[in-house]
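With these hints in hand, go ahead and build the complete structure from the sequences.
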Amino acid sequence: MYQYNLIDQTLVDQRVAQFRRQTEQYLNGELTEDQFRALRLRNGLYVQIHAPMLRVAVPYGLLSAQQLRKLAHIARTYDKSYCHLTTRQNVQFNWPKLEQVPDILAELATVQMHAIQTSGNCMRNTTTDPLAGVCIDEIEDPRPYCELIRQWTTLHPEFDYLPRKFKIAVSGAANDRAATQFHDIGVHLVKNDAGDIGFSILVGGGLGRTPVIGQVMRPYLEKKHLLSYLEAILRIYNLFGRRDNKYKARIKILVKETGLDSFTEMVEAEWQQIKDGMELDEQRISEIKGHFTAPDYDPTAPQDSSLAQQQAQHPDFATWYKHNTTDHKIPGYRAVYLSVKAPDVPPGDLTDSQLEAIADLAERYSFGEVRSTHRQNLVFADVKQADLFALWQQLDALHLATANIGTATDIICCPGLDFCSLANAGSIGITKEINAALDDMDYLHDIGDVKINISGCMNGCAHQSVGHIGILGVDKKGTEWYQITLGGSSENEAAIGERLGPAVAKDEVTQAITTILAVYVEQRQEEESFLAMVQRVGIDPFKEQVYATH
Amino acid sequence: MQLIKNKTVTDDNWNFISDGAALVKGDICVSLARWQQIKPELLSHTGKLGVRIGPADSVAELADDLPKLDLIELDFPDFADGRLFSHAWLLRGRYGFKGELRATGHFMPDQVFYLSRVGIDAFKPADSAYLPKVLENLHDFTVNYQQSIVN
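So the protein sequences, as listed, match chains A and B.
Using the working numbering, you'd call the opening residue of the first sequence number 1 and step up by one each time.
Using the working numbering, you'd call the opening residue of the second sequence number 1001 and step up by one each time.
If you're looking for bench data, these hints aren't it; they were derived computationally from the structure.
These numbers come from a predicted model, not from an experiment.
Keep in mind that a hint or two might mislead.
Stated by the list, open to error - Within a straight-line C-alpha distance of at most 30 Å, the following computed DSSO-like cross-link-like pairs (lysine-lysine) qualify: (1) B:1039 - B:1005; (2) A:476 - A:248; (3) B:1048 - B:1098; (4) B:1133 - A:97; (5) B:1098 - A:275; (6) A:476 - A:432; (7) A:165 - A:97; (8) B:1048 - A:165; (9) A:246 - A:256.
Written out as structure tokens, the structure is:
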């Protein structure tokens, strides 16, 4: 993975010093609330219901064992011994003390981490495919381009006070596992007719209050123009994005109101003026690629013969193998999902001791690296087939081997009313109830691929509008109600879920979800996934059953 | 009144002319709208000329007039409106403005490092008590990932 040079380290250290000064000045009354708010947000610091919340950047979801241990140390020393994985592949601490945040940032800087631009109206952490570099459907590894974008977006002097937040995702594979169609900019590595690899650029996607699917504004861009093209988009957005209404300030609204063609013309005209001065040369690209070379794979790995026997002897292991591991481009290796969705734990929460144990396991079984996923799980990307059984046993002891990846209990869930000052309704409690109702693993596996996303308010941090089943908490005269949508997807066939009907009361949500799943089991065709069935039959059969008892 | 120019505290000898006010002798700075309304009169003025830009203005409209100007003020109504960062970049870079590019109004002293990187060389905060902070914060970083427009 990328290792800081002296410039990277100096920049992060100086950022810590700057924020330490800003915090002191705020506590001394030398900065106003408004001023400090803008500054602390750009360092990942929110003020929430109970305490400040610090969001730490995990650039494109890559973490080293050393970084995990530092996160464990921070959780133990400055927080209540746990942290939370976010849908931007970042890590959040829910209980830091404001005056200690500069110390936390200084600790992070010692392991090449920071919280720069993880909130505020600026360019956020760039996200990507958690299977980058190892998946079997990859055109090219997106991580070097993510790193180039990381550097370009970090402390960009012109674009730190944008109309609204700005998110970029990069995908290098045929199957989009980074929700690129729901980002302000989506970058796809593509091959053109001549066989050259470049980028397709999407713009104007987004979730939140007004979910919009991004559109292709440039089908093919040569690699050398990546940063100039991004700069042209950002300049047009910075100058012309709406600033009169925060709910209309994202680039999706600018693209919609301007029209994709006119918007593209504006960007292309701007780009023509800057592109020649900003080319990425081959040497720069290969220098960054040098940080993402393949690990030292064992050429004898495919010779393992233990796996089939272990699967036969241990059905639980076989089930876990089927659901929580996936194909790897190197024979004899698998990518392993660590399920951070144990039934009795808030989705995405990890304790200090789990973090340390994961660091040890990563070193033993996956070249010392871990990835975070936008579905709030972790991945060991490079596990030898022969090690899977031993790894499974240890993950199971850590409650990280629930065989529910991609199933109805692998729920994306925001912190909700329990922690978040924006929320209208609880989300963690609903997740727990759904887990309890779906505790029969055979039934869960029979239902198969169902993505449930639960947000406690329409800001949509948990991406409910693209859940196969989306659940949105709303406030009705001081009580918590939930709107259900069906048929959303953030993958290749991007879709925004359709509302099932009137919101349901809190104590009826789980019943509604189990009813929806029962309708699916009853009416599905052979091999038909939940999403495919919703696309085939629409929402009516589900609606009839869910509202039949009301 | 004082300001920071080229990283030193300097006296401000320019006269701020608000939109309704009469022109005065000496070096004067007017709004872009006023400039466009009475350009011939202003061009016969003895003394240097400056134009004040707000976030919603289009700097392209001023591009041809830049050789006639010694000062452009980028006037921040509030610190959150980042359009002026792009205006500065365009004026200094694309349109090649060589005169003084001055941030005025309600920018934060914590933004001056970025502002200096997009071509601003003078800072006159609404509250002159901020001047020492402006000076200090110009040195927040010694490294960068992006090219400065002035390098």
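Status of each hint after checking the structure:
1. B:1039 - B:1005: holds, 27 Å
2. A:476 - A:248: holds, 24 Å
3. B:1048 - B:1098: This hinted pair holds, its Cα atoms lying about 14 Å apart.
4. B:1133 - A:97: It holds: about 26 Å lies between the C-alpha atoms, which stays within 30 Å.
5. B:1098 - A:275: Status holds; Cα separation ~23 Å.
6. A:476 - A:432: holds, 22 Å
7. A:165 - A:97: holds, 25 Å
8. B:1048 - A:165: This hinted pair is violated, its Cα atoms lying about 40 Å apart.
9. A:246 - A:256: holds, 16 Å
When each numbered hint is compared with the structure, a violation occurs for hint 8 only.
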